[in-house]
Amino acid sequence: MSRKPAKGEYIETDTGNKVSRRSQIIGTTNIILGGKTVIQAEVIIRGDLLRTYPSSNPNEKQGTPVAVAIGRYCFFSRGCELRPPGKLYKGSFSHYPLKIADHVFVGPGSIIEAALIGSHVNIGSNVVVGKFAIIKDFVKILDGTVVPANMVIPSFSIVAGRPAQIVGEIAEGEIEGFDLREAYRAVGNS
Amino acid sequence: MAEFKPYTYFQCPCSDNSVSVREVGGANPAGQEETDEDERTFDPRAPRANYSLYPLEHLLYCEDCHQIRCPRCVLDEIVCWYCPNCLFEVPSSSVKSEGNRCTRSCFQCPICTAPLSVSSTEPPPEGLGAEYATVSGTYVLNCSYCLWSSKEIGIELDKPNSVYAQLAKIKNGGEPLLLPKERRKALEERREAGEDGSHIPGSKEEQELDAESHFYNLKSFYQEQLSDSSPAGALGLTGDYGYGSPGALSRIMGLYTSGALGDRKSKNKSGTMREAHDALEGLQITPLSASDAIARLCTSGWEGTASLSQRREQPHNPRFVSDLRPVANLLRTKRSKRCKTCRHILSKPESKVQKTHFRIRLVALNYIPNIAIRALQAPSAPSGLLAPLKPTQFLLTFSNPLFDSVRVNIATPAHTPGRFGSKVTILCPQFEVGANTDVWDEALGESGGKAGSEREKRRTKAEASEGQGQAEAGKIWERGRNWVSVVVEVVPASLRLDGPEFLKSEEQRRDAGPLREDEDVLEIPVFVRLEWEADVAGEEGGGLATGNKEKEVREKRELAYWCVLGVGRIAQD
Ligand SMILES: [Zn+2]
Ligand SMILES: [Zn+2]
Ligand SMILES: [Zn+2]
Ligand SMILES: [Zn+2]
Numbered sequence: 001m002s003r004k005p006a007k008g009e010y011i012e013t014d015t016g017n018k019v020s021r022r023s024q025i026i027g028t029t030n031i032i033l034g035g036k037t038v039i040q041a042e043v044i045i046r047g048d049l050l051r052t053y054p055s056s057n058p059n060e061k062q063g064t065p066v067a068v069a070i071g072r073y074c075f076f077s078r079g080c081e082l083r084p085p086g087k088l089y090k091g092s093f094s095h096y097p098l099k100i101a102d103h104v105f106v107g108p109g110s111i112i113e114a115a116l117i118g119s120h121v122n123i124g125s126n127v128v129v130g131k132f133a134i135i136k137d138f139v140k141i142l143d144g145t146v147v148p149a150n151m152v153i154p155s156f157s158i159v160a161g162r163p164a165q166i167v168g169e170i171a172e173g174e175i176e177g178f179d180l181r182e183a184y185r186a187v188g189n190s
Numbered sequence: 001m002a003e004f005k006p007y008t009y010f011q012c013p014c015s016d017n018s019v020s021v022r023e024v025g026g027a028n029p030a031g032q033e034e035t036d037e038d039e040r041t042f043d044p045r046a047p048r049a050n051y052s053l054y055p056l057e058h059l060l061y062c063e064d065c066h067q068i069r070c071p072r073c074v075l076d077e078i079v080c081w082y083c084p085n086c087l088f089e090v091p092s093s094s095v096k097s098e099g100n101r102c103t104r105s106c107f108q109c110p111i112c113t114a115p116l117s118v119s120s121t122e123p124p125p126e127g128l129g130a131e132y133a134t135v136s137g138t139y140v141l142n143c144s145y146c147l148w149s150s151k152e153i154g155i156e157l158d159k160p161n162s163v164y165a166q167l168a169k170i171k172n173g174g175e176p177l178l179l180p181k182e183r184r185k186a187l188e189e190r191r192e193a194g195e196d197g198s199h200i201p202g203s204k205e206e207q208e209l210d211a212e213s214h215f216y217n218l219k220s221f222y223q224e225q226l227s228d229s230s231p232a233g234a235l236g237l238t239g240d241y242g243y244g245s246p247g248a249l250s251r252i253m254g255l256y257t258s259g260a261l262g263d264r265k266s267k268n269k270s271g272t273m274r275e276a277h278d279a280l281e282g283l284q285i286t287p288l289s290a291s292d293a294i295a296r297l298c299t300s301g302w303e304g305t306a307s308l309s310q311r312r313e314q315p316h317n318p319r320f321v322s323d324l325r326p327v328a329n330l331l332r333t334k335r336s337k338r339c340k341t342c343r344h345i346l347s348k349p350e351s352k353v354q355k356t357h358f359r360i361r362l363v364a365l366n367y368i369p370n371i372a373i374r375a376l377q378a379p380s381a382p383s384g385l386l387a388p389l390k391p392t393q394f395l396l397t398f399s400n401p402l403f404d405s406v407r408v409n410i411a412t413p414a415h416t417p418g419r420f421g422s423k424v425t426i427l428c429p430q431f432e433v434g435a436n437t438d439v440w441d442e443a444l445g446e447s448g449g450k451a452g453s454e455r456e457k458r459r460t461k462a463e464a465s466e467g468q469g470q471a472e473a474g475k476i477w478e479r480g481r482n483w484v485s486v487v488v489e490v491v492p493a494s495l496r497l498d499g500p501e502f503l504k505s506e507e508q509r510r511d512a513g514p515l516r517e518d519e520d521v522l523e524i525p526v527f528v529r530l531e532w533e534a535d536v537a538g539e540e541g542g543g544l545a546t547g548n549k550e551k552e553v554r555e556k557r558e559l560a561y562w563c564v565l566g567v568g569r570i571a572q573d
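Residue numbers (UniProt numbering), protein chains in the order written: chain A, 1 to 190; chain B, 1 to 573.
The set of hints was computed from the structure by calculation and includes no laboratory data.
Predicted, not measured: the structure shown is a model, and the values here were computed from it.
Just so you know, even glycine gets a beta-carbon here, dropped at the ideal spot from N, CA and C.
A couple of the hints might just be wrong.
[As the list claims (entries may be wrong)] Over the 12 Å line for every Cβ pair with chain B, so calculated as not near, a few chain A residues:
1. Arg21
2. Ile32
3. Leu50
4. Thr64
5. Glu81
6. Ser155
7. Pro163
8. Ile166
9. Ile170
10. Glu172
11. Gly173
12. Glu174
[To be verified] Straight-line C-alpha distance at most 30 Å; calculated BS3-like pairs for lysine-lysine:
13. B/Lys355 to A/Lys99
14. B/Lys151 to A/Lys90
15. A/Lys87 to B/Lys151
16. B/Lys151 to B/Lys171
17. A/Lys18 to B/Lys5
18. B/Lys352 to A/Lys90
19. B/Lys159 to A/Lys87
20. A/Lys99 to B/Lys475
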């Protein structure tokens, strides 16, 4: 195929993010990327689903609103989707921000509507993380799991099933395995 | 079929006492054991092997015993209890008194286990100023996963918080449930009434006790009986040992009621006790006829019957879905781990629930080399299966986490155990793996890490002359800063059982049954022996050791254990 050699699969940003040209990122001004994050082809990030319900905290900065905040060294595999969760509250429907910390891996085809995902979280393929779920640090979610809405998953849990249940604990020696720096470096741009 | 991922499992030596670490030159006579060790093989398919093989990540290491520790040879100690849903810590005193469930508002759906959320039964206010309207009315627990609602069992709540306390007062259907305090009061009132003779035993309301009242009634009845009989019995001195004796019962109850019986005033009366004879005293008559249950089964049908997993979550063993109750979240623990042999702590998490740091974390990963497996050639068959009787080479990469170089000896049986013995040859069974250098340049920022890996690449090239990347006997394949790759050659066995008799192994002649589950997985038992010289001064007691650093004491160490390498599945021809 006659593709220009300079144009690789990924666009590399100043902070080292590798964003596939074939991903769909909507509402880019409402998305924060911490850096060194990989976004593969066919990934959808819905930055357009903004909060419309006024914040209860008046001290909150009135700058650009954030729909999706992502930390460093995250890895979003082919075809996964990040959607800020939404709900009806006191008569009006609003979306709420989706926050993802560092070293979070999301497998291919998974749909994430969580409120918060902590650091060092590994989400398998074809997982659904329901609305307003909270996933703490060092959690592994196995392939095909459906995490129900509002579920809280504490640190060091292994989660599986439909609906998700805690099926095991992360062993002490598995902690290093969550680091995604190697995975980031392994992504070549060709 | 799912793709086969090569794996390495390590056997914890606690499963076999004869394999143990010895200090070279120590008092332990080595001779006899040495020969035993060399002759013994390890069968990864043996039923017992399942309980001693672990991925390296699951193993700890005791620095005092110089030995691997697995979940079977460590002691767990609870650091704190917490609710996995609200993440609040629960003090151990309330775990003792209230039980091991969250007493706030954390509940799971009795149908599907998803979390329940509280919502108002009133329709949400609409229109102008809706957000200022106060929500009134009653609340229900809803499951967002299967759409179950506590309305289905007739439970509605007055307020959205402290659900546990509210549920404790409501029966399914909405009738009030007595709290222990109220129950006691009611019992006393009724007893007084009963003494007047106006008490009618056997009224409907009394006959059906819930589990809590049942226990309470029985407990107070027997406590009374005990206080009426000999107090000597409480000490077990009366000499009668039957279960019906006051002494034995007092001891048993003492176990459950934490000695409250001891201070009962004594009446110094000895004698036998009578049994409870009505619901007030805790008597519950088991209905002999199941006609009620059968009638309910007929009307509610299969859908109305609780499944086994649903019943298991409930304390009262309900038969019908309409008898299920929301399940309060089971508490979870943070635990530290101790070596069972020397009691030293191997792992200690931060005690705060939300903190994920460890104060102590001695993982085997930092003490013994990991073994990675990779096929040397791309598999010929597109299925990724191993072709039977075709020599296939695998690369085993040993990476050394220690800051001392390690001499590695590996040995395998010539044929893998089992009915289908594959031929195994390690081309280089003895080699030295270089020391790990400071991990800080790798851990601190990634610019250092990048430079490090490039340096490593260069070094690999420079040292490649040693291995040449050729599968040659006695030579390693490739070497890096702290890793070495060696080649193992495998001739996978044929899985056919219809071959000529003289070609069959002894096991095959004995058992010609069809292929069993995972019998096609080629697993190689490998005995690994490590020898290295440890810097004792630097290792023991950190701060104390810095003073006498000049006299470096080096100590010979040896560690030996079995591993199992799962290299692939053999194709069935
Ligand atoms: Zn063990
Ligand atoms: Zn709770
Ligand atoms: Zn449910
Ligand atoms: Zn020990």
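Verification of the supplied hints:
Once the 12 Å rule is applied to beta carbons, A/Arg21 is consistent with being away from chain B; the minimum gap is 25 Å. The beta carbon of A/Ile32 sits about 21 Å from the closest Cβ of chain B, which is more than 12 Å, so the claim that it is off the interface holds. Residue placement check: A/Leu50 keeps its beta carbon more than 12 Å from all beta carbons of chain B (closest about 18 Å). The Cβ of A/Thr64 sits about 24 Å from the closest Cβ of chain B, beyond the 12 Å cut-off, so the non-interface label holds.
With a minimum CB-CB distance of about 19 Å to chain B, A/Glu81 clears the 12 Å threshold, and the non-interface call stands. Not every CB of chain B is more than 12 Å from the CB of A/Ser155 (nearest about 5 Å), against its label as outside the interface. For A/Pro163, the non-interface assignment is contradicted: its Cβ lies about 4 Å from the closest Cβ of chain B, within the 12 Å cut-off. For A/Ile166, the condition that its CB be more than 12 Å from all CB atoms of chain B is violated, with the nearest at approximately 7 Å.
Chain B draws A/Ile170 into its interface by the beta-carbon criterion, the shortest separation being 9 Å against a cut-off of 12 Å. Here A/Glu172 does not stay apart from chain B, with its beta-carbon only about 5 Å from theirs, under the 12 Å limit. With a cut of 12 Å on Cβ distances, A/Gly173 falls inside the contact zone with chain B, its closest approach being about 4 Å. The Cβ of A/Glu174 does not lie farther than 12 Å from every Cβ of chain B; its closest approach is about 4 Å, which violates its non-interface assignment.
Distance check on the hinted pair: B/Lys355 and A/Lys99 sit about 19 Å apart at the alpha-carbon level, within 30 Å; holds. At roughly 22 Å between alpha-carbon atoms, B/Lys151 and A/Lys90 fall within 30 Å of each other, so this suggested pair holds. Taking the CA atoms of A/Lys87 and B/Lys151, the gap is near 22 Å; set against the 30 Å cutoff, the hint holds. For a cut-off of 30 Å, the pair hint linking B/Lys151 to B/Lys171 stands: about 12 Å separates their Cα positions.
Distance check on the hinted pair: A/Lys18 and B/Lys5 sit about 28 Å apart at the alpha-carbon level, within 30 Å; holds. Between B/Lys352 and A/Lys90 the CA atoms are separated by roughly 35 Å; this puts the pair beyond 30 Å, and the hint is violated. Between the alpha carbons of B/Lys159 and A/Lys87 the distance comes to roughly 21 Å, so the proposed pair stays at or under 30 Å and holds. Straight-line distance between C-alpha atoms of A/Lys99 and B/Lys475 comes to about 52 Å, which puts the hinted pair past the 30 Å bound.
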